[in-house]
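First to last, the protein sequences are chains A and P. Counting along the first sequence from 1, when you hit position 253 you're at 253 in the working numbering, and nothing is skipped either side. Counting along the second sequence from 1, when you hit position 111 you're at 111 in the working numbering, and nothing is skipped either side.
Calculated from the structure, these hints are not laboratory results. Treat each hint with caution, since some may be false.
[Said to hold, decoys possible] Coverage of chain P stretches by chain A, computed from C-beta distances (three or more under 8 Å per stretch; other residues unrestricted):
| no. | stretch |
| --- | --- |
| 1 | 46-55 |
| 2 | 69-78 |
| 3 | 88-99 |
[Said to hold, decoys possible] Each computed SDA-like pair below joins lysine to any residue, with the alpha-carbon atoms no more than 20 Å apart:
| no. | chain 1 | residue 1 | chain 2 | residue 2 |
| --- | --- | --- | --- | --- |
| 4 | A | 174 | A | 146 |
| 5 | P | 190 | P | 248 |
| 6 | P | 47 | A | 148 |
| 7 | P | 47 | A | 146 |
| 8 | A | 213 | P | 52 |
| 9 | A | 115 | P | 221 |
| 10 | A | 32 | A | 21 |
None of these values were measured; they are calculated from a predicted model. Glycine included, each C-beta is placed from N, C-alpha and C at the ideal position.
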Amino acid sequence: MVHAVNSGHPGGSLGCADFLTALYFHVMKHDKSFSPDGIGEDLFFLSNGHISPLWYSVLARSGYFNVAELATFRKLNTRLQGHPATEEGLPGIRIASGSLGQGLSVAIGAAQTKKLNNDDGTVYVLMGDGELNEGQVWEAAMYGAHCNIDNVIATVDFNGQQIDGPTEEVMSLKDLKAKWVAFGWEVIETEGNDMKEIISGLKLAKSLSGKGKPIVNLMHTEMGFGIDFMVGTHKWHGIAPNDEQLANALSQLEETLGDY
Amino acid sequence: MTKLTYTEKKDTRSGFGAGLLELGRTNENVVALCADLIGSLKMGDFKKEFPERFFQVGIAEANMIGLAAGMTIGGKIPFTGTFANFSTGRVYDQIRQSVAYSEKNVKICASHAGLTLGEDGATHQILEDIGMMKMLPNMTVINPCDYNQTKAATIAIADHEGPVYLRFGRPAVPIFTPADQKFEIGKAIKMIEGADVTIFATGHLVWEAIEAEAILEAEGINAEVINIHTIKPLDVKAILESVKRTGCAVSAEEHQMNGGLGDSIAQTLSTHHPAPLEMVAVNDSFGESGTPAELMTKYGIKCDNIVAAAKAAIARK
Numbered sequence: 001m002v003h004a005v006n007s008g009h010p011g012g013s014l015g016c017a018d019f020l021t022a023l024y025f026h027v028m029k030h031d032k033s034f035s036p037d038g039i040g041e042d043l044f045f046l047s048n049g050h051i052s053p054l055w056y057s058v059l060a061r062s063g064y065f066n067v068a069e070l071a072t073f074r075k076l077n078t079r080l081q082g083h084p085a086t087e088e089g090l091p092g093i094r095i096a097s098g099s100l101g102q103g104l105s106v107a108i109g110a111a112q113t114k115k116l117n118n119d120d121g122t123v124y125v126l127m128g129d130g131e132l133n134e135g136q137v138w139e140a141a142m143y144g145a146h147c148n149i150d151n152v153i154a155t156v157d158f159n160g161q162q163i164d165g166p167t168e169e170v171m172s173l174k175d176l177k178a179k180w181v182a183f184g185w186e187v188i189e190t191e192g193n194d195m196k197e198i199i200s201g202l203k204l205a206k207s208l209s210g211k212g213k214p215i216v217n218l219m220h221t222e223m224g225f226g227i228d229f230m231v232g233t234h235k236w237h238g239i240a241p242n243d244e245q246l247a248n249a250l251s252q253l254e255e256t257l258g259d260y
Numbered sequence: 001m002t003k004l005t006y007t008e009k010k011d012t013r014s015g016f017g018a019g020l021l022e023l024g025r026t027n028e029n030v031v032a033l034c035a036d037l038i039g040s041l042k043m044g045d046f047k048k049e050f051p052e053r054f055f056q057v058g059i060a061e062a063n064m065i066g067l068a069a070g071m072t073i074g075g076k077i078p079f080t081g082t083f084a085n086f087s088t089g090r091v092y093d094q095i096r097q098s099v100a101y102s103e104k105n106v107k108i109c110a111s112h113a114g115l116t117l118g119e120d121g122a123t124h125q126i127l128e129d130i131g132m133m134k135m136l137p138n139m140t141v142i143n144p145c146d147y148n149q150t151k152a153a154t155i156a157i158a159d160h161e162g163p164v165y166l167r168f169g170r171p172a173v174p175i176f177t178p179a180d181q182k183f184e185i186g187k188a189i190k191m192i193e194g195a196d197v198t199i200f201a202t203g204h205l206v207w208e209a210i211e212a213e214a215i216l217e218a219e220g221i222n223a224e225v226i227n228i229h230t231i232k233p234l235d236v237k238a239i240l241e242s243v244k245r246t247g248c249a250v251s252a253e254e255h256q257m258n259g260g261l262g263d264s265i266a267q268t269l270s271t272h273h274p275a276p277l278e279m280v281a282v283n284d285s286f287g288e289s290g291t292p293a294e295l296m297t298k299y300g301i302k303c304d305n306i307v308a309a310a311k312a313a314i315a316r317k
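Isolated chain P, as found in the complex:
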């Protein structure tokens, strides 16, 4: 495999905004709703080009989810936009009853997920959203890693019939996936091949995993890196295929350890192929104010933590 590099950094939320704009042009059934955060969600271009298909709902997220569920009746494909916290925890029951249980074709698009929105602190950061959403029957949960993948995922979910939770973020992060890479829901992507340990990463932690792999390589450890952009449905086949070769695993995510990707991988391994697993995630704690980099360091979700986890997993083989 060619060495993964990047020349540009961009926020994943802008990938969502670009994907939504393209959908507006290609799919007349796509409509968008936003709860007073058009700029933060990068929905301004869609609103400008398709004002009749854009709905400002004000600071009323529960109503937004109900409206979106209703709009599907008659064939529209609503994309809702607000912060991840207000997209999930605030409206869990609305999503549960009106969207997931009712099998409605709503796309819940959530920015500022995890710690990396930074200075606003724990009220606005959310580290439980993947857990809440993956527990819901009928729900698909997607957490892309960079601008290109977020754009591709946004476009792909319009063609998927059923509720989707799409999670992305605020900070500028490296763009390292190809702009023309097709997004396949539920299909993990092998970023780097390796033999000693598999690092399963999602979202912003995929780049951290790639950096960790370089550090490990310099120390003579051969790590495989797999991008799990879809947490549900999980690519069980790809996970097992890899761990059967490497014999141990690390999960890496910007989320609570409870209920996140690591949880899903642990369930998969313990059920099908028991193997050592080390989890890089936030350990039963709320976040706090700080810069994104400071927070990732303090809460132990940087590439250094992945390196240490990989060594620990190998030692347990």
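Bound-form chain A, shown alone:
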């Protein structure tokens, strides 16, 4: 998808591919017929909207829309906007994201509505670690703990990379676990590039919900996971592979489903 339009964000998408697959195929209670209000369902919000190619792929393969539509990504008149949006009516998307730092607030708001509606669905949200530079995330973190929002499971894609370089160089996260603990969250740490680990981590997170505290899952991943020349570097945050690089990358994956 990214190659076809020569734009997009492959690095973070590859790093979180296992996570989103686990969420949609093994963890969440969700309905591919899609209702925007998601009553009785688990909800997912992608706060780091730039990994949209991944989310669209997972939504399509979950049956929200036809896999063939993935080929329209980032093209004029597409429902698959560069960053997720609701205006074009793509099933599976409940709010726009792309400008960073907003998704945790949205997820907590949706979780509060679930509580008001006596809806036992869980609200999942994924954020980037670079995204944690945004102050709004910490406003939401403070609020979530203060209000005992225990039906939210936030995951941080903890890959240590952002656009201008490693997070330690750009804006050090210091002791990220201690930060979330200090804000009053239940914190778990998981490995994000191992399907079994992800599923067991999310089950653990779910078992911790409903106990008065919001939950955050610090998920260690490698940006560009699975592709030797993309892995572990910020350089593939927001650029597309050329023909040769694409062929090389696809030769490294056990399974390629032809949606590129």
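Take the given structure of chain A and dock chain P to it, following the hints.
Leaving out everything else, chain P in the frame of chain A:
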């Protein structure tokens, strides 16, 4: 038309508080959020009667807008409350992405708009909010004129599906619209009929326009006064119908000239029916500390300024 008078003054923010309380009683989906300004926004009665539907978010306006957007998912109708400055400029990107672009049913309710919060000065006054909000696709922008109209508008926007910016203020101002007047979004209200010039006013300036009309009448000038409580969508039909008869216009608002009501009227007239227009508004300047009356005088948005603008517009016909 009967002469417009008043017997009581009240702040428009109290109209919001009363409207919100009534909504609490009639619409169980209405929820309210406030960023540490419950007293200033007059949200205390709602909080007291519906504590489970009231959310204190602390001094964290960006989070408040995001929460409100999220709360709409599942059918709630969130009303956010803080000062107009912190309701717009501080959270523009949150409103843009999570509310307007995402087409969320959030009601952004903003008190202390314009100069008339007074002594706190320019950090707390905002004169750009109408402009910022009207530029956003999907956004409705409403600026009612008195207690009754603010209460009615608050109630009306709950039935409107989509994002709304509702702007009101702090000072006690005359109550001159009927308590039972239904609020119709986007429908201008003719307050006084006239033939020589049309004064289009919004918010606190509607009463100033009514006073200006009396002064003009005494001088033999017959002014029409139209209350534009909804700046977007603008009642283009009513504006054109009036100016086609009177031949010239004045706009009056407690806002910057750039981006305000006057701007919208100028666009309408120049596109459909070119006619002289004089704008009464703050001219590319921040406010400052002072009493509301002093500030309105210094920044040129009193009835006297409307009178002078009306004469200037007529002279250009």
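Violating hint indices (sorted, rising): Per hint list: 4 and 9 violated.
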